[in-house]
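Asker: Numbering (this note's numbering), first residue to last: 237 to 538.
Just to be clear, a hint being listed does not mean it is correct.
[Claimed, not checked] SDA-like, lysine to any residue: derived pairs with alpha carbons at most 25 Å apart:
no.	residue 1	residue 2
1	Lys395	Asp429
2	Lys346	Ala410
3	Lys395	Thr419
4	Lys420	Ala458
5	Lys346	Asp268
6	Lys420	Lys346
7	Lys346	Glu263
8	Lys346	Val399
9	Lys346	Ala458
10	Lys420	Glu463
11	Lys477	Ile439
12	Lys420	Ala410
13	Lys420	Ala527
14	Lys477	Ala458
15	Lys395	Ser317
16	Lys420	Val399
17	Lys346	Leu291
18	Lys346	Glu463
19	Lys395	Tyr506
20	Lys395	Arg248
21	Lys346	Lys395
22	Lys420	Ala392
23	Lys420	Leu340
24	Lys395	Pro378
25	Lys395	Ala527
26	Lys395	Thr524
[Stated by the list, open to error] Pairwise CB distance ranges, derived in the manner of DEER restraints:
no.	residue 1	residue 2	range
27	Gln293	Arg335	49 to 55 Å
28	Asp369	Ser418	18 to 24 Å
29	Arg248	Glu344	37 to 43 Å
Bear in mind the hints are in silico, worked out from the structure with no lab data behind them.
Model, not experiment: these values are computed from the prediction.
Don't be surprised by glycine CBs; every beta carbon is placed ideally from N, CA and C.
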Amino acid sequence: MPELPEVEHLRRSVDPWLCGAEITAVEVRRADVVCVANLDARTPASQHAPTPLDLPQLLGRGSSVLATDRHGKQMAMRLSSGFILIVQLGMTGTLRLERTDQPLDHTESKHRHVVWTLRRGSHAAAPKTALQDRWRLSFRDPRRFGGITVLDSNEALSKRWSVLGPDALSVGGAVLAAALSSTKRPIKAALLDQGVLAGIGNIYADEALFRAGIHPLRAANALQRREASTLARHIRAILAKAVVQGGSTLRDYRDAFGASGSARQSHAVYGRGGQPCLVCEETLGQITVAARTTVFCPRCQP
DNA sequence: AACACCGCCTGAGCGC
DNA sequence: TGCGCTCAGGCGGTGT
């Protein structure tokens, strides 16, 4: 269950290998994980699609990667063609970097839906070791809740990200308070809404509320300014720590090189319903909020 | 307009 | 050992 930390950790690990690299080939094994936005509207009806879209070209074949970016759980790859690829990991998505001479494990390959072949460009930032001059980037997603979206411009990206709330990794108290003031839903539901705050999923919502001592059913717009600041501080701290640890929230999370997270994240409440609170030993309660399992301490989160 | 809820999809974990 | 069941949940679409 990748949340912001997994996405950011992944972005940081692939960025040096992607920036400046040329995409020599793109293999689309499952076209239905690719969404092409905005392009159809620009195509005159007379030219409309007896010819299927050239997905490999749209996904970067023949161009190079200029930069990577992220907002919330969405990662972007800016291409020299002007197209921008949005990578969403969904529940089970990952990116994997490998040498091209490394055989693809059959089981692993089963859910590789898009495979990019990359070559070191003249301005490549990647270290001159390990992967040599050619490498392969795979988007793997067994459950297919994630996907790749092709955007045709910076404007399209700005528009897409403008509907998201502020990025949770750097959200300040005042900004969070403002975002929460717009809804009377339970605070837990608001935190999960990417339009309110971008990047928080079920795990970190519960963990942040626990540390801030806020009950998950409190109305979002009823939080005191001070509580919003405390919550924002805990959100930033939890996420920043998890980014460094390699987004170890997922039991079998692997970074882009297949290495497991360095230190298993210890969760104070997530997945611990019915067990004693680590602070006060009260039995942790478990309820459903916004159709998500929610664990909290009745005593620490009044 | 704001919000609730459905359903997509597969692997892990469990009981029998 | 192995089968079948349940659960997990991000997010877009639809209903209230």
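Asker: All hints are to be evaluated individually against the structure, with a verdict given for each.
Answerer: Here is what the structure says about each hint:
1. Under the criterion of a C-alpha separation no larger than 25 Å, the hint pairing Lys395 with Asp429 is consistent with the structure, at around 18 Å.
2. Our distance criterion of 25 Å between C-alpha atoms is broken by Lys346 and Ala410, whose separation comes to about 46 Å.
3. A distance of roughly 22 Å separates the Cα atoms of Lys395 and Thr419; the hinted pair therefore holds under the 25 Å criterion.
4. A C-alpha spacing of about 7 Å is found between Lys420 and Ala458, which places the hinted pair at or below 25 Å, so the restraint holds.
5. A hinted pair counts as satisfied when its Cα atoms are at most 25 Å apart, and Lys346 with Asp268 qualifies at roughly 15 Å.
6. With a C-alpha separation of about 44 Å, the suggested pairing of Lys420 with Lys346 is violated against the 25 Å cut-off.
7. With a C-alpha separation of about 14 Å, the suggested pair Lys346 and Glu263 falls inside the 25 Å cut-off, and the hint holds.
8. Only pairs whose Cα atoms come within 25 Å are accepted, and Lys346 paired with Val399 is rejected, the gap being roughly 34 Å.
9. The hinted pair formed by Lys346 and Ala458 fails the criterion: a straight-line CA distance of about 48 Å is larger than 25 Å.
10. For the suggested pair Lys420 and Glu463, the alpha carbons sit about 15 Å apart, so the restraint of at most 25 Å is met.
11. The straight-line distance between the Cα atoms of Lys477 and Ile439 is roughly 14 Å, inside the 25 Å bound, and the hint therefore holds.
12. For the proposed pair Lys420 and Ala410, the alpha carbon gap of about 17 Å is at most 25 Å, so the pair holds.
13. A C-alpha spacing of about 17 Å is found between Lys420 and Ala527, which places the hinted pair at or below 25 Å, so the restraint holds.
14. Distance hint between Lys477 and Ala458 is unfulfilled; the C-alpha atoms sit about 28 Å from each other, more than 25 Å.
15. Under the criterion of a C-alpha separation no larger than 25 Å, the hint pairing Lys395 with Ser317 is consistent with the structure, at around 19 Å.
16. At roughly 19 Å between alpha-carbon atoms, Lys420 and Val399 fall within 25 Å of each other, so this suggested pair holds.
17. Using a Cα cut-off of 25 Å, the hinted pair Lys346 and Leu291 holds, with the two alpha carbons roughly 20 Å apart.
18. At roughly 46 Å between alpha-carbon atoms, Lys346 and Glu463 are farther apart than 25 Å, so this suggested pair is violated.
19. Proximity of Lys395 to Tyr506 is assessed by CA-CA distance (about 34 Å); at most 25 Å being required, the pair is judged violated.
20. Straight-line distance between C-alpha atoms of Lys395 and Arg248 comes to about 24 Å, which keeps the hinted pair within the 25 Å bound.
21. For the proposed pair Lys346 and Lys395, the alpha carbon gap of about 34 Å is over 25 Å, so the pair is violated.
22. In summary, the hint linking Lys420 to Ala392 is not supported, as the alpha carbons are separated by about 31 Å, beyond the 25 Å threshold.
23. Pair hint Lys420 plus Leu340 does not hold up; C-alpha atoms about 50 Å apart against a cutoff of 25 Å.
24. In summary, the hint linking Lys395 to Pro378 is not supported, as the alpha carbons are separated by about 29 Å, beyond the 25 Å threshold.
25. With a C-alpha separation of about 28 Å, the suggested pairing of Lys395 with Ala527 is violated against the 25 Å cut-off.
26. Between Lys395 and Thr524, the direct Cα distance comes to roughly 33 Å. Violation of the 25 Å bound is thereby established for this hinted pair.
27. The hint said 49 to 55 Å for the Cβ distance between Gln293 and Arg335, and at roughly 25 Å that hint is violated.
28. In this structure, Asp369 and Ser418 break the distance hint of 18 to 24 Å, their C-beta atoms being roughly 50 Å apart.
29. A beta carbon spacing of about 23 Å between Arg248 and Glu344 contradicts the range 37 to 43 Å that was offered as a hint.
Against the hints set out earlier in the document, violations occur for numbers 2, 6, 8, 9, 14, 18, 19, 21, 22, 23, 24, 25, 26, 27, 28, 29.
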